[in-house]
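**Student:** Model the full structure from these sequences, guided by the hints.
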Amino acid sequence: MQLPNPETLLSDISAKILAQLAKPELAENSALIGIHSGGVWLMQRILSQLKSPIPYGTLDAALYRDDYSQRGLKAEMQPSNIAFNVQDKHIILIDDIFYTGRTTRAAMNELFDYGRPASITLAVLINRGGAQLPISPQIVGAEILLKPNESLQLSQDTKGILHLSLEIEDSKASHV
Amino acid sequence: MYNPQLDADGNLKHLLTIEGLPKRILNQILDTAETFVGVAERDIKKVPLLRGKTVCNIFFENSTRTRTTFEIAAKRLSADVLNLNVGTSSQSKGETILDTVDNLIAMHADMFVVRHSQSGAAHFIAQHVPDNISVINAGDGRHAHPTQGLLDVFTIRRYKPDMHNLRVALVGDVLHSRVARSEIHALTTLGVPEVRVIAPKTLLPTGIEKMGVQVFHDLRAGLKDVDVIMMLRLQNERMSGAMLPSAQEYFKTFGLTQEKLKLAKPDAIVMHPGPMNRGVEIDSSVADGSQSVILPQVTYGIAVRMAVMAILGGGNA
Amino acid sequence: MKIHIKNGQVIDPKNNINAKQDIFIAAGKIVGMGNKPADFTANQTIDATGLIVSPGFVDLSSRLREPGSEYSATLVTELHAAAAGGVTSLACTPDTQPVLDEPGLVEMLKYRAKQINLAHVYPLGALTRQLNGKLLTEMCKLTEAGCVGFSQADSAITDTQVLWRACEYAATFGYTLFLRAEDEYLAKNGVAHDGEIASRLGLKGIPAAAEGLAIASILRIAQETNTKIHLCRLSSAEGVALVRDAKKQGIQVTADVSAQHLHLTDFDIGYFNTHANLKPPLRSQRDKEALCAGLKDGTIDAVCSDHTPVNDDAKLLPFAEAEAGASGLELLLPLALKWASHHKLSVMDALSKITHQPAAILGIAGGNLSIGSDADIALFDPEQIWTVTPSQLSSQGKNTPFLGLEMLGKVHYTLLHGQITYQASH
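Listed in order, the protein sequences are those of chains A, B and C.
In terms of the working numbering, the first sequence opens at residue -9 and continues consecutively.
In terms of the working numbering, the second sequence opens at residue 23 and continues consecutively.
In terms of the working numbering, the third sequence opens at residue 24 and continues consecutively.
To be clear, the hints were calculated from the coordinates, so they are not data collected in a lab.
Just to be clear, a hint being listed does not mean it is correct.
In silico negatives: residues of chain B with every beta carbon more than 12 Å from chain A [said to hold, decoys possible]:
{"#": "1", "residue": "Asn33"}
{"#": "2", "residue": "Asp53"}
{"#": "3", "residue": "Glu63"}
{"#": "4", "residue": "Met185"}
{"#": "5", "residue": "Glu216"}
{"#": "6", "residue": "Arg255"}
{"#": "7", "residue": "Gly263"}
{"#": "8", "residue": "Gln270"}
{"#": "9", "residue": "Asn299"}
{"#": "10", "residue": "Val315"}
{"#": "11", "residue": "Thr321"}
{"#": "12", "residue": "Gly335"}
Quick look at which bits of chain B chain C covers, simulated, 3 or more residues with Cβ under 8 Å [as the list claims (entries may be wrong)]:
{"#": "13", "segment": "142 to 148"}
{"#": "14", "segment": "236 to 247"}
{"#": "15", "segment": "288 to 298"}
Note that beta-carbon positions come from the ideal geometry of N, C-alpha and C, so glycine has one too.
**Tutor:** Shown next as structure tokens:
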């Protein structure tokens, strides 16, 4: 399968996010929140393109996952860090790969513990299809339908360039 | 060899003592606790992990402070908390420990936090609960107080991240201290190269060197160049038990004062599990001084206990 | 009842017999060994092929729990356990409720035991009233009622003046004192050997010196007063060394060790296993080795079961709160055999420690096989493996640190005064 270039996809969604932030009713009280780890890298890249700074934060949502009873805690957890007041803000929630929608739900649950946002817009690099909940991203870089035994991983090299790799269970991977 | 604290896959099933736990489990708890420190600093200090679960504090030996920190930790994980102070209820009516525990199991409790005046009580209870219940030892006799040992090394790790390069001294009544034993196991398992115990002979257990510590009877010699000083509480019974003549003489010979603190490294930290006997084991100016991390210990204690409960409460992938 | 035990391997250490020999029993006595007596027609024949035919075992210490502690065990159950263990004579301790310090109580106990008729019971009388370590008991009357010696069970006499006088009084009549040596103050509230294991587990320890100090005092007094002393349940290397020296000096002392202490150490406490909570405590590897060596070189004269049945509830407690003691009558044989085989000794060596040696200490007939002696006999298979489980034990006490472990050596028949008191089911 031919994987798209994540740098290109980032440019796409950046443009859409910047366009949203340019709207007069949203410009003053918006904020970006990235979901660890891929969403945070994307958010940092987008922040660097903004002319004026806006509040931002990071979320892990590991403590709000719905599979704790089955799988326990994740081995690696990052601390969530939202230093601004979420109340009445228009939040743009950023993640790398959208799949079942459960990560988004967990992130929203955690977000609501910080306050009541005015709205949440979900922006993702790739929607791989397979939503199990009535949640879908409003800003999408690309839609790539994957089989259940396939998964996409976003990574960032030492120079900060983004890469995508496809992993298939018990088989070889291909990288971009 | 069979380890009652781990399940067949090597995951933590009960937390009874630090002794015998592999390093990876200690690190798992400490790393998870880091996340919970962040939660405690938010406005909403709660996460939903243990929602719908019931945590029972079964305290056969009274302790308001420890019980309270476990209660806060459980509530911050959204658990329901049941407090049983057995000294004032069924036990004194002659009910056996197992009967008390069985009653709580019948009420569908999910996790027991147990404190008892006898060594081995937590192990005993863990042997008798069904598979779906986890037991956390909140202190059994003079044997173990694993969450205290963990929060102490968590605190050390925060201030002195390079654990492989530390000198740590424990000062005081090691003989009667479950905290000391847990601290020693945690420090040695995590690879702290030099662990010292400093106490009069009457307050040291037989064969303590076999636990991997160096023994000192002279506080000044023992504190030299130390990075971490862990003070232990002295109880009044030691005087009546002919182990020490008086609190005053103890303070003179083993009490931590500003002057003696200077023998340690200039950036050494001072710790105490609480409650403190000011003027007996520690001088107020040291307890309240810049090198003291006694209050952060309490904060970290909640995060560490949340981590333990979160790890025990989850399923295993 | 005429019984013919045929094809068995007779091993009798006292008379140095180790041979294939038939045994002929009539009217409760052995009437022939080897050759069939004239006019002997057996009513019953026991085929002892593959079995060892031994004198019935003599146990220096069993707690039968009557009178008083029937919740834990009764004479009926425990004498069944004795028979199942091949024990035909046993001495019981005076720490009953009430304490065995009155002749009437001793008579009643002996009467009850005789009625039950499963083993010969030889009571040890209390040395002081109520075992309180202050006032002497009526030792002559108690001996007349059936006591074979005097004991303080687990209660020490701390007042050295009282101990001295008790020894002197007993020596007047040639009575033997059975004393477990332990300094009361050093042992106070202790539940384990004072060493590395107790320190790790946070259990209050009893130092070996508690035994050493007490043995030294007792032996010194015994020497001065010329008293026969039997030291019960040695547990430490220093204890063994003191007894060895005392014997060299000609002091009249004998000693025993419990079968458990020959095989276990404080390490066997494991994760606070209350079955390993014993008095005296299980000590270190070094102590265990000294006990085994002491038994081998004769410093320790006999092995006993130290049978102490404890009901389940009293063991289902945190370690220090649990009642001390292990059920042992049915393990005496296999544990003695195991000691012998570990130390490259023979079955005969093992049997001598549980037959004629303890019999001599108690001053009773028994513990040997000869024509004219009572037919108190144990037949056992030294090769049979069995697992220690609650259902395998006849005793009401299922409390043994050997639960779940395999034993080598099983009693098949026990005869008391020519009557079969135990027969293993097949």
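**Student:** Taking the hints in turn, state whether each one holds.
**Tutor:** Each hint tested on the structure:
| no. | hint | result |
| --- | --- | --- |
| 1 | Asn33 | violated (8 Å) |
| 2 | Asp53 | violated (8 Å) |
| 3 | Glu63 | violated (9 Å) |
| 4 | Met185 | holds (20 Å) |
| 5 | Glu216 | holds (31 Å) |
| 6 | Arg255 | holds (33 Å) |
| 7 | Gly263 | holds (44 Å) |
| 8 | Gln270 | holds (47 Å) |
| 9 | Asn299 | holds (36 Å) |
| 10 | Val315 | holds (20 Å) |
| 11 | Thr321 | holds (15 Å) |
| 12 | Gly335 | violated (8 Å) |
| 13 | 142 to 148 | holds (count 4) |
| 14 | 236 to 247 | violated (count 0) |
| 15 | 288 to 298 | violated (count 0) |
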